[in-house]
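A.B. asks: Each chain, written out:
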Amino acid sequence: MKRIVADIRSYLAEAWQAWNLFWFSPTDPATLCFLRVLAGAMLFYTHLVWSLDLQAFIGQKGWLPVDFIRGIQGHQWSVWSIFFYIEEPWQLWCVHIFSVLVFLFLMLGLFSRTSAIFGFLLAVSYAHRVSPGAYFGLDKINCMFALYLMLGPCGARYSLDRIWRLRRGDTSPVAPSTSANLAIRLIQLHLCIIYLFSGLAKLLGENWQAGSAVWWAVANYEYQSLSATWLASWPVLVGLATHITVFWELFYCCLVWNRHLRPIVLWIAVVVHLGIAMFMGMITFGLAMLFANLSFLQPATVRRWVDPLADRIALKLTG
Amino acid sequence: MKRIVADIRSYLAEAWQAWNLFWFSPTDPATLCFLRVLAGAMLFYTHLVWSLDLQAFIGQKGWLPVDFIRGIQGHQWSVWSIFFYIEEPWQLWCVHIFSVLVFLFLMLGLFSRTSAIFGFLLAVSYAHRVSPGAYFGLDKINCMFALYLMLGPCGARYSLDRIWRLRRGDTSPVAPSTSANLAIRLIQLHLCIIYLFSGLAKLLGENWQAGSAVWWAVANYEYQSLSATWLASWPVLVGLATHITVFWELFYCCLVWNRHLRPIVLWIAVVVHLGIAMFMGMITFGLAMLFANLSFLQPATVRRWVDPLADRIALKLTG
Amino acid sequence: MAKNNQSRQGQADSDPAEPKKKSSRSSSGVPWHPVWRWLISLLLILHLTAVFVAPWDLSTDPALPPGYVPPADAQGKPLPLPPRDSTVWQQPVVPRKLREFFRHYLNLAYLNHGYQFFAPDPAGSNLIRYHVYDSGGAEIAAGQFPDLDDQWPRLFYHRHMMLAAQTGDMGEESGRLYARHLMERHGGQSSRVEWVLHRLLSPQQVIDETPLDAESTYVVLAEIRETAGSTANPSVGELPVAIPGAGR
Amino acid sequence: MAKNNQSRQGQADSDPAEPKKKSSRSSSGVPWHPVWRWLISLLLILHLTAVFVAPWDLSTDPALPPGYVPPADAQGKPLPLPPRDSTVWQQPVVPRKLREFFRHYLNLAYLNHGYQFFAPDPAGSNLIRYHVYDSGGAEIAAGQFPDLDDQWPRLFYHRHMMLAAQTGDMGEESGRLYARHLMERHGGQSSRVEWVLHRLLSPQQVIDETPLDAESTYVVLAEIRETAGSTANPSVGELPVAIPGAGR
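Protein chains in written order, with this note's numbering: chain E, 441 to 759; chain A, 441 to 759; chain X, 5 to 252; chain Y, 5 to 252.
Read the hints as simulated data drawn from the structure, not as lab findings. In this text the structure is predicted, and so the values were computed from the model without any measurement. Every residue gets a Cβ at the ideal spot worked out from N, C-alpha and C, and that includes glycine. Heads up, a few of these hints could be off.
Unchecked claim - Some, not all, of what chain X presents toward chain A, calculated at C-beta under 7 Å: (1) P66; (2) A67; (3) V98; (4) Q193.
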């Protein structure tokens, strides 16, 4: 009996220790900062594109008037957007230009933490305005990034903030950060949940089960950017692609944590999302998902690939 | 480029190394031997019960004649059973008594390896005779054990063979064995596949999805051994039990490999299978599944719990 | 921060209630104070539960009892199933209650949605075709969305594609709103909007060289006509409270 | 064995093509020769693929195209779907081919089955009720299975329960065989077998105090009468080749 109690105690102590190491180990913020650049760029581009028909999509009237959308959303107080309250086109454009600048700042890493907070508020404002209406997976991933970038020192590297500090003579090395680790862990786990439910939902589709779903995806004329209808003669290939997609999505949440399987899992992500980008024209969404996958890169790996480029840019800017 | 090639090379070398450690590390056969005792006992009991109505279930005529069963099985040569060819009742009883003795020997560890081989051949013979007809999950697990017990030194410990060797003065310690490791790994992975597909099948059931399936299981009068219909007033409890069962089965194959999660996963197995044994009267099946779960115990753990008992028995037998 | 924590950890070390092993480990790499870490751990679990619960609940449907025989009339024609809130349906109480609990948090952080990409099965596309007429009935604008020639870059095209796709979730009401918007935009007096489904071809049909955009693959699901000055009555109250179309 | 391997590993160490790091690691704990290990690894992968493929294929059904509208007659009564082998159905080629490839191996090792415990949904039980009569028509035996009073221990009861349950997979033919068996066993001249479904009660019905074995929960699905001397014609050829009832 005493032995069992001791066993349970030591198990709990070890589990708490592992939990602490997982969440609270300080980490080099390189991965988080790199994601800030990428997600910032995606947010910038996504919102820049609204400019092409701002009134129609975001304005008070437009395709789907705010009143109608709010009705569908059930008039809940917690579904919020600054665009629910903006009446005049000139106000709309002011907010929009401010937003695009915020996302540009976030990408460049200027006033990074502030930009991240404003970025989150604005990204959700746009998303709630177009849900439903014109939203899709990209908005979910964009808002996810905006949410977690707020939590850590996302401007510690690869940022104008950093160059600014260097120019002022502050050459202290970038400190490992627990909050950077927290932010990265949350992105990783959030991504796991996304893939899990994406996989579970596919399991209920009889064509995903039977292995023909990839055909119906590439046979969609409106999605098609590069024709893959030659797959019609390759049912086994269609089947393999379908089954691998489902199993990979379903077990991503487990397999990606294994040191040996992680490279395979991440490379499948590259193939799947670049495939979706190439054949189904969802370049933005494919890239956003890939960016989220990059959260599993070690800071050292990120630095090995990004530092040389970042240093060259910094050198040019600082003269 | 050179760096990438080097990375891939070192990744492959590490993966091959991990694969080798996983499969080919010699291990103390304690876990395998303990499973031999348990699975042997289950096989013994399972086949002893056939004696109560041997002719009707296993004989040439009986409930479902061999001809009919073979027709349903598609007359495939590879679906084999000694009972397809036995005509006379006295022959049937001879084979049956021989079988029961084989399983008894397997349990006791007498001529262990030989008993394991005969045990497998006989277990499959019975199973194919009653599939379909009267088979269920228990037969699948029994045959799985019989299959893998053949592969390793299942009589190295906890066996009359061992006591025999000791009595002859052979007191050499039990050597770590690679084939014992192989057998245990195969049981573990086979169990993972069983749970995986058991979970996947449940996902397609709308009552498993909605969380009401456990109710329909306990509301089955024929299964019921201890009434749990008081659950009717506790839909949240029914829901929790249902959802936990599905998620646990689905992700067993991943989570059980994690050092920190393994105890939780295995304790859920204990609760689930003892619950099925207690409330739904499937004591044999519940125990067989629990035995399979014990394959995840470290040999050291097995020895800590089983050795004292085994030593006492050995002392009694060797005087 | 690190300094502050070290002093606190020194305190913990001298605390006899704290197991020695643990505190010595925590000092090895984890900087924040245990209380702080407990609190954050709690928040993390709450947050991740919320993130998990939204797609879970949205992917869960009520179930009919096993062996339920759907009602049929005397001719064997299937009758409609009982309404979703009747007691025949087994409600998924656990995810429903959990999402209800986290609802406002999920809304505030834009997490109240599922992740059903191309699920349960990839389906055909919705298209919106439109014509706008002036007071004399002459056509002053016509087009469709999504339309690659008209909407560029790809993301802008995709937004229009989603606009058409989510028509399916919102019903004809949205079509009427599109008609009104197009009328105002082009200064017309009346407009006609067709809600079109573009069906998919099977591998065999493609091998038989039917083009993906063959005339036969388009089916008009609904046609909506609007005239300037008419007032629409959005029947909002009947729509579900949850954000629909979460599956996109 | 260990000795033999150590000498072989010495060989590998001196082999310049072998990366140094790896062989030094292998020598640390893994005894067998690499070629041997490669071979066994291959067999392991084949075996585990086989173990995986059987339940996978058995759990996979052909699919109708997305948006497929089931046929109905002029009155709206649903017509039967096209047969499973028609080209309308999308076949799961990958699992089918794999299981076909491993079929005999799976059969030989008793692996050719699924693991669908209580899936897709827990369902009601099947019961077999029987009466055996002598030549004068007097009842000489009657009973049912499963029956807790009659069949003991629990495993023996469970075998009878499965016998009744798998009647559902095998159809009425099995009922006729039971009738014949019972006739022979009890030396009767005729017998009557009822195949009964015991339906489940919802939580609300149990709260309303309907007992689980209320008369109303039993439905007779089929009744089979057999007389001594009649010959049955098992229509075996029409049954599927795969072992049915794999889901139990």
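A.B. asks: Any hints this thing doesn't respect? Which numbers, in order?
C.D. replies: 4
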